[in-house]
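A.B. asks: The chain contents come next:
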Amino acid sequence: MIVDLPPALLLIAGALVVPFLRGPLRAAWMVGVAVAALVNFVGVEHGTHWQVGVFGYTLELGRVDKLGYLFGLLFHIAALLAVIYSLHVKDTVQQVAALAYAGSAIGAVTAGDWITLFVWWELLALTSVFLVWAGRSEKTYAAGVRYLLVNIASGLLLLAGILFRTNDGGSLSIEPMLLGDTASVLIFLAIGIKCAFPLAHGWVIDAYPRATPTGTVFLSAFTTKAAVYLLARVFPGAEPLIWIGLVMASFPIFYAVIENDLRRVLSYSMINQVGFMVVGIGIGTPLAIDGAVAHAFADVIFKGLLFMAMGAVLMRTGTANGTDLGGLYKSMPWTTGFCLVGAASISAFPLFSAFVTKSMILSAALAEHHYLVWWVLLFASAGVLEHAGIKIPYFAFFAHDSGKRPKEAPWNMLVAMAIGSVLCIVIGSFPSLLYGLLPYEPMLHGHAYTPYDATHVVTQMQLLLFAILAVWWLMKAGIYPPEERKINLDVDRLYRALARGFWWIVTVPLAHLGKAIDSAVLERIPARVVAFAGFAHAEERAHRGWVTGASVLIALILLVGYLLVYYLSG
Amino acid sequence: MHSNDHTPPPNDDGTRHFFDDPVKTRWFFRIFFVLCAVALAFDVLDLIGVGYHKETHLGAEKVPGFYGIYGFAGIVALVIVAKGLRKVVARDEAYDDR
Amino acid sequence: MSPLVIALVIPAAGALLIGLAGRWPNLRETVTMVTAGTLFAVVASLAADVLGGGRPTASLVEVVPGIELALAAEPLGMIYALVAGFLWIFNSIYSFGYMRTGNEKKQTRFYICFAIAIGSALGIAFSANLFTLFVFYEVMTFSTFPLVTHKGTPAAVRAGRIYLGILLFTSTCLLLLAIIWTYVATGTVDFKAGGILAGVVTPGVAATLFVLFILGTGKCAVMPFHFWLPNAMVAPTPVSALLHAVAVVKAGVFIALKIAVFVVGVDFIAAHDLGTVLCWMAGATVIIASLVAMTRDNLKALLAYSTVGQLSYIVLAACMGSRLAIEGGAMHIAMHAFGKITLFFCAGAIYVAHHKTEISQMKGIGRTMPVTLFCFAIGSLSIIGLPPFGGAWSKWFLALGALESEHVALLVVFLVSSFLNVAYLMPIVIRAFFVAPDEGTWDKGVQEAPIACLLPIVVTSIGCVALFLFPDLVYSFASRIP
Amino acid sequence: MIDFVQKHLPILIVVLPLLAGLGALFVGRRHQPWMLALATTWTVFGLTIALLTRVLRDGTVEYAIGGWAPPWGIALRVDAVNAFILLIVAGIAAVTTVFARRSIAAEVPDYRWRFFYSAWLLCFTGLLGITITGDAFNLYVLLEISSLSTYTLIALGMGKDRRALTAAFRYLVLGTVGATFILLGIGHLYMMTGTLNMADLAVRLHDLHDNRVVLTAFAFMTVGLGLKVALFPLHMWLPNAYTYAPSVVTAFLAATATKVGAYMAYRFMFTIFGRTFTEGQFTVDIFLITFSCIAIVFASFVAIRQNHIKRLLAYSSVAQIGYIVLGMGLHNPDGLTGSIVHVFNHAITKGGLFLALGAIVYRLGDVTVGEFQGIGRRMPLTAAAIVVGGLSLVGVPLTAGFISKWYLIQGCIESGRWVVAIVVLGGSVLAVVYVWRLVELAYFTAPSQPEVEVREAPLSLLIPTWLLIGATVWFGIDATFTASTARTAAETLLGVIP
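Those protein sequence lines, which keep their order, are chains F, P, U and R. Going letter by letter, the first sequence gives residues 1 to 570 in this note's numbering. Going letter by letter, the second sequence gives residues 1 to 98 in this note's numbering. Going letter by letter, the third sequence gives residues 1 to 482 in this note's numbering. Going letter by letter, the fourth sequence gives residues 1 to 498 in this note's numbering.
Be careful, since some hints might not be right.
[Stated by the list, open to error] Restraint-style ranges between C-beta atoms, simulated for each label pair:
| # | chain 1 | residue 1 | chain 2 | residue 2 | range |
| --- | --- | --- | --- | --- | --- |
| 1 | F | Arg22 | U | Glu439 | 47 to 55 Å |
| 2 | R | Thr445 | F | Ala527 | 16 to 24 Å |
| 3 | F | Ala527 | R | Gly370 | 22 to 30 Å |
[Claimed, not checked] Non-contacting residues of chain P with respect to chain F, defined by C-beta distances greater than 10 Å in every case (computed):
| # | residue |
| --- | --- |
| 4 | Arg30 |
| 5 | Ile48 |
| 6 | Val79 |
None of these hints come from the bench; they were simulated from the model. Keep in mind that this is a model prediction, so the values were computed, not measured. Every residue, glycine too, gets a C-beta built ideally from N, C-alpha and C.
Just chain F, same shape as in the assembly (with noise of 0.2 Å):
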């Protein structure tokens, strides 16, 4: 550790200097800020820095263990890929936030205290935005807003855990909780959403897609693997997440066959890895929080070279639907080259990360006994290659030839790929490297866990390869579904007609009403007082003739009646 501040504020204070920078300098500056927040945090010690008292509450504003070092790291090679990646970018708002995102979440991962961490999950929601407002359209606002609006949700959520929890004399501290009591289980929900549980899900799909190019490679790494590192701090063998993390490996397959957008596409491929990773901390042994978190460190990387991937091809054609796509390997070849490396690190090609990951979650899931897991896991393992080892570069890059022919990507986003690529293999290659950050170490029946084995290769190699076998035939035989210029329903489209029917809600019969409230307090009821008051004077006034004469009149009968009264009572 070089500079004596929470790591979280390197980055941040350097995307408030951004504005001031133009040009090269600018460039040089934001390259230099996350080196720089990366070598300092490399050497940070493990342990509690940096506390502060407010309110009587000691906040720990950070908060360094194996966990939060090992997704600290990975969020500082995130952040450096992702500046490198774009750097050819030229929008202020995007770089600053940028940069501020990465820093809110690597405040998330080594926040201490329940208020310091709500402070960066809200910062996550608040930075990461822009990145998909920087579109700077229509139809991008409209997704913002529907981001924000159930990011902010999910903090809400909480913050609503945090305060049950404080009422009911909880630490502040962040340690594990059992789920059951009414804070846990509001916590669980809001990370739920950052982590994009089934129904949870639709503002990944919603969002990602619609971000910058440069933007969503920066959205895939941090909010979702913040939600993921949250669960695994809190929430470890949380049986629930067995079963959530088994439906989010599965059904997104289904969308992502189907689906023409090939960004969402990854989207869905994200969820899809989110729920092996949510699985594994279901499972809760060392060796399954171990896969989940080894994975979710691979995932960022070839999740982000993926979406690099795509995003460069976005950026020269302008769009990144199937169906407009094709061919492109002939005058993109570098990029297609790194997104092969990406397709086959998510499919788990061994030598390749995911294979030394993923496979963890599914030995920790056989070693538990989880056999349902198991085969479900193993199907969604295949359902991975079909979408992401296959389509993506298969749609983009070759199938029919679009007629289109992009300049190669510019050179940063090509470096930034360079070495993502590069990270997934050593990785893949290496694994004792990544083993070795990991919270625990692994094991598997005593012994050190080894993802190498004849066994192990051999049989995925079958998996894999005969699953290309079936893709093969299928589109031979005709049966492979064709790209259509579609959109499929998901459960953001629900969200989205609820959202209308809300909107019309209030600005249809509740407006009325309070129109209607609004005339009546204004302008009726004085209205009334002043008609009363035109009666009364009218009255006064048609007494005018005789009032002499009434007035004697009223002063007997007044005389009478109280003699009368008087009398009765007296």
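Add chains P, U and R to chain F, keeping to what the hints say.
C.D. replies: Below, chains P, U and R without anything else, positioned relative to chain F:
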């Protein structure tokens, strides 16, 4: 992989890209099929107990070529179900603007 | 002379001098600034005294035997006084820019009334008893009337009628009744830590009185007595900013807190759930106001309804019977003040620079007024209650108070309200920055409001951040509320 | 000299204006009568201050005319109640007399000035006499003196508007009915007790409180006093009388005549009838409260739509009389204090307001909506006086009106009459409506005849106006004097203080 019936014209300099060349494509697939066969062959080795032992935990895993079959069947099932799903959920691109 | 009295004399003297200097605008503005600056210095010195444990008091005059106009400083009042005093300085600077650029008429009257209104705000903040409180409350109502009707148009006259009608109706028929009733029941109108009703009247009577007090304080704008606030938006923006985001409305909710702490007693409220009815009303106000705000296209109207909702946060704080909530409510006085005044300043700046009032006209306006809209974003986030802005802390205590007092439904209200706030505030900023403007608008490059308008905007939005980073600025007072 | 004055203080207060009133006819034709009136009223004002000081210090002052001790001789009896009312009447007379010179010069032809000031002083005498006397029959005589001179004063408005004559006639008829009823009441009492001395009456009636003759007397008195104070529904003489009388007369009458009526009511109801009034299952308080509540609401509503500002304020007076009577009806110390203090507060408020209207009449000839438009810019000080006075009518804090309302509501709450409390408060809101109508007319409308140049009223009109308006503010901020005096008076009436 997909049909190369409509072979695009060669580039200006007369070269052809990899998959535009039917010969290269044919070789590509040949190698792929060989790899598939090799992968299956290991299970045969396991059966006859030569040079390779498949470590299994489940009965199903013991079936020769289990992973290949499961992978193949899984993808076929996936694609067919997905096609069915498309019938239910697919909408025109203008759906959001209505 | 007691500094408390000085704090009242300064704005009064300022008003007089402003009137005398009326013919020379520069002199007049200088007088305003000097008055505001001196006033804040006095209030700050008082604040230091209060933090040090001092509780200065001063008696002005015995009005009728047994009831006197008297002043006393305590932490809750200090928060309100400090906020009003501090923001007056910047609001004055803003006013100079706004009123001169807009060539408004009757500027002297404007500044005079402003000074009196601030004086009455301090009077409310430093009231030692209900009687004094009521007196300054009414002074504030009348001194702000000419500000609301400043433009003299039929709309302004109508707004003035509604303003007076509702504020006088509630204060006369409900608040005054409650005060006299309290006097009859307890024999005193003096504020006392722990409340004066506790143990003297039955819970039923106390609950009724509590309702009368809170609804009678029409400046709290609890529905259905909120109509004056959106209508008062016809006033020039500096008025909306300082008075209808800070001084006037905060007078209302400050009184609500004051009543809860010093008249009814928080423990008494908690023990018998005296605030249930009010919690329902204020809770409904929070939600309904947010929904109404969503449908407004006029920026100031939207902000007005947003204010209505936010005020009820503090009313809820007063009514739920939790000390934490009281602290949160007290902090929210400051937090919301800084956030909302920023928003109003921005709305005014947009009007001054481009004569736009409707949100639908502000598509892409961020290109021409980047600073203003950026500050608008900060203000909005603080209002929503998101970190790293001050509003987050007050919301924390409010929500914790809701749990402490076992009002889980109110927690939901706070959270849903935050959510709705996002939904109606953020789109304004985002459309300004990220949606392409219509052809031909804003193509003249950056065109901000005059510096006199811009500077206060920047200062108050920095304030929103500062209040997050240094919450002790407010909390040190809030935590000392007995 | 001082000893003489000290000794004969009570009788001097009546004799001086009586002599001056007769003298005014002979001192000259131009401003001499006014100067006489001015000197007299201010002197009497000084005397009433001295008298009140003495009463508050030493308790009740008794004075036997000619040295014949009561019950045989005629006695003057001054306690806190009538000393306070005397002060009000004399104070208002003193201030309005200052105003009268220019105002009357403008509204009454000069050959009638001496008649005017003569009537003015006689009316003054009558009001003072009613208040100070301890003899019931004397009271009737003085009542007639004041009434007759009042009819004259009102009729003198005919120089501007002939309707003043009908207004005066109507007042004459109804006033006479009222006076007659009072006389009948006094007669019945005399029949039963054989005395006309009030203190004696009180003692002798104590055991006769449910005697039928006494009750008959009580009924006559109730209606007669109701007519005199213009309690709804016996108020109908008031609006026109106030509207068409010369401005300064309106101010004087509004501030004093009904107040003296209220005093008579206090005296008869509390001191003389005592038990008749306060005991019994079905007592008169419910009527007083009901009629005063109706007065407050109904008259306020009527006021809202008036287009003649004097008439508007006249109806406002009917409503305000409701407050005064209401405080009597509550008959608890706080309510009665409110009633008495409101006599004072309303006197200065309404006096000041009518003076301000008089200033406008002086400049513009009349005060209808048309004249009133844009008056805020034309006559800023006068308009400001109307605003402040209006706020006092509403009962805004820091004005005198607020103090009365405070006590009245306290009284209502103490006696558990919640509905009445709401009516009192609601009446203030209605007052806001008609007062604010004036404010909007004055400040938010353009003058109907912009070509006519209108200047601010002369100082000789402004000073008395602002004296009264200033007093409403003063006695709103520091009301210890009024409130504690009223409290003493209330406790005297209720017998708490002997």
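A.B. asks: Taking the earlier hints as the rules, which of them does this structure contradict?
C.D. replies: 1, 6
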